[in-house]
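Trainee: The residues making up each chain are set out below.
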Amino acid sequence: MDEDLLSRYNYDSFVPEKFGPWLNFENSPPLGEPAPDFPLWTLDGEETRLSTVWKDHLYTIIEFGSFT
Amino acid sequence: MNAIAERYADQGVGAVFIYTHEAHPGENYPHLTSMEQKFRHARDLRDKLGVTRPILVDALDGACHRAYGSMPNMTWIIARSGIPVYKSDWTDANSVENAIQYFLDVTARRRAGQPLVPFRVERLDYRTRDREAFYKGLERNGPKAVEEFRRAFG
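Order-wise, the sequence lines are chains F and Z.
Just so we're aligned, residue 341 is where the first sequence starts under my numbering, counting upward by one.
Just so we're aligned, residue 103 is where the second sequence starts under my numbering, counting upward by one.
Everything labelled a hint here was simulated from the structure, so no lab data went into it.
Where hints are given, some of them may not hold.
[Claimed, not checked] Reference excerpt, derived from the structure (chain Z facing chain F, CB under 10 Å, subset only):
| # | residue |
| --- | --- |
| 1 | D146 |
| 2 | A161 |
| 3 | G171 |
| 4 | P217 |
[As the list claims (entries may be wrong)] List of simulated lysine-lysine pairs, DSBU-like, C-alpha gap at most 30 Å:
| # | chain 1 | residue 1 | chain 2 | residue 2 |
| --- | --- | --- | --- | --- |
| 5 | Z | K246 | Z | K150 |
| 6 | F | K358 | Z | K238 |
| 7 | Z | K150 | Z | K238 |
| 8 | F | K358 | Z | K246 |
| 9 | Z | K150 | F | K358 |
Computed from a predicted model, the values in this text were never measured in an experiment.
No residue lacks a Cβ here, since even glycine has one placed at the ideal position from N, Cα and C.
Throw the hints in and build the complete structure from the sequences for me.
Mentor: The structure is reproduced here in structure tokens:
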């Protein structure tokens with residue numbers, strides 16, 4: 341695990357110098373090209389993949405966020 | 103967003119929520135330091151905030167979230183082929199539903215035999231701003247979250 345990345349990504353304070361670098365939508369993957377795939381975990385701790393989810397449906401709506 | 107998921111489920115539309123990092127960490131929901139804590143916060147999202155869609159937890163380093171632009175509350179729509187057809191840097195139910203209706207119509211036209219080719223479009227959508235509700239949400243996280251947001255944006 342990259343401890344520096346972990347602490348920068350999971351920043352402890354909402355201050356511009358900490359959250360600003362993560363607002364990177366302009367460099368996100370383009371529409372129309374294959375989407376990047378990643379492992380994800382259900383709330384039961386079972387590992388799955390994003391591609392497993394999107395293959396299950398005609399279209400999949402994916403919202404990103406957190407409690408806060 | 104829960105209502106949209108329910109409304110279109112029988113038309114082949116799936117919906118998931120990917121748990122990322124704490125955008126506004128506070129005393130009640132501090133920044134994440136372990137997967138155990140991340141699962142706990144994600145369960146609270148389901149149990150206390152009522153997210154009924156399946157919640158999937160990203161890795162602690164946000165590998166998936168970062169690859170998709172790491173905005174705090176963005177939404178993407180991905181087709182079964184693995185091709186993203188919609189992305190929005192903020193989540194707005196009206197915008198998402200409008201897009202889903204469009205893509206379901208594309209599917210119907212394709213099934214009817216229309217020869218369709220994709221093209222790119224950019225559009226500026228609009229959402230309702232509700233500062234009062236937003237601050238109420240921040241209060242759940244703890245006073246630190248309220249104060250830091252006020253300091254950053256007023």
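Trainee: Hint validation: D146 of chain Z versus chain F, beta carbon distance must be below 10 Å. Holds or violated?
Mentor: 6 Å, holds
Trainee: Does the closest beta carbon of chain F sit nearer than 10 Å to the beta carbon of A161 of chain Z?
Mentor: Since the shortest Cβ distance to chain F is 7 Å, the answer is holds.
Trainee: Has the given pair, K150 of chain Z with K358 of chain F, been kept, meaning a C-alpha gap of at most 30 Å?
Mentor: 27 Å, holds
Trainee: Under the criterion that the straight-line Cα-Cα distance not exceed 30 Å, is the pair K150 of chain Z, K238 of chain Z satisfied?
Mentor: Given that 30 Å is the threshold and the Cα spacing comes to 14 Å, the pair holds.
Trainee: Sort out whether K246 of chain Z lies within 30 Å of K358 of chain F, counting only the CA atoms.
Mentor: Given pair K358 of chain F, K246 of chain Z holds - Cα atoms ~15 Å apart, limit 30 Å.
Trainee: Decide if the proposed pair is consistent with the structure: K246 of chain Z and K150 of chain Z, CA atoms, cutoff 30 Å inclusive.
Mentor: 20 Å, holds
Trainee: CA of K358 of chain F to CA of K238 of chain Z, is that 30 Å or under?
Mentor: 23 Å, holds
Trainee: With a cut-off of 10 Å on the beta carbons, see whether P217 of chain Z makes it to chain F.
Mentor: Since chain F brings no Cβ nearer than about 17 Å to P217 of chain Z, farther than 10 Å, the hint is violated.
Trainee: Is the interface hint for G171 of chain Z satisfied, with its Cβ closer than 10 Å to some Cβ of chain F?
Mentor: 3 Å, holds
Hint check: a violation occurs at hint 4 only; the rest are consistent with the structure.
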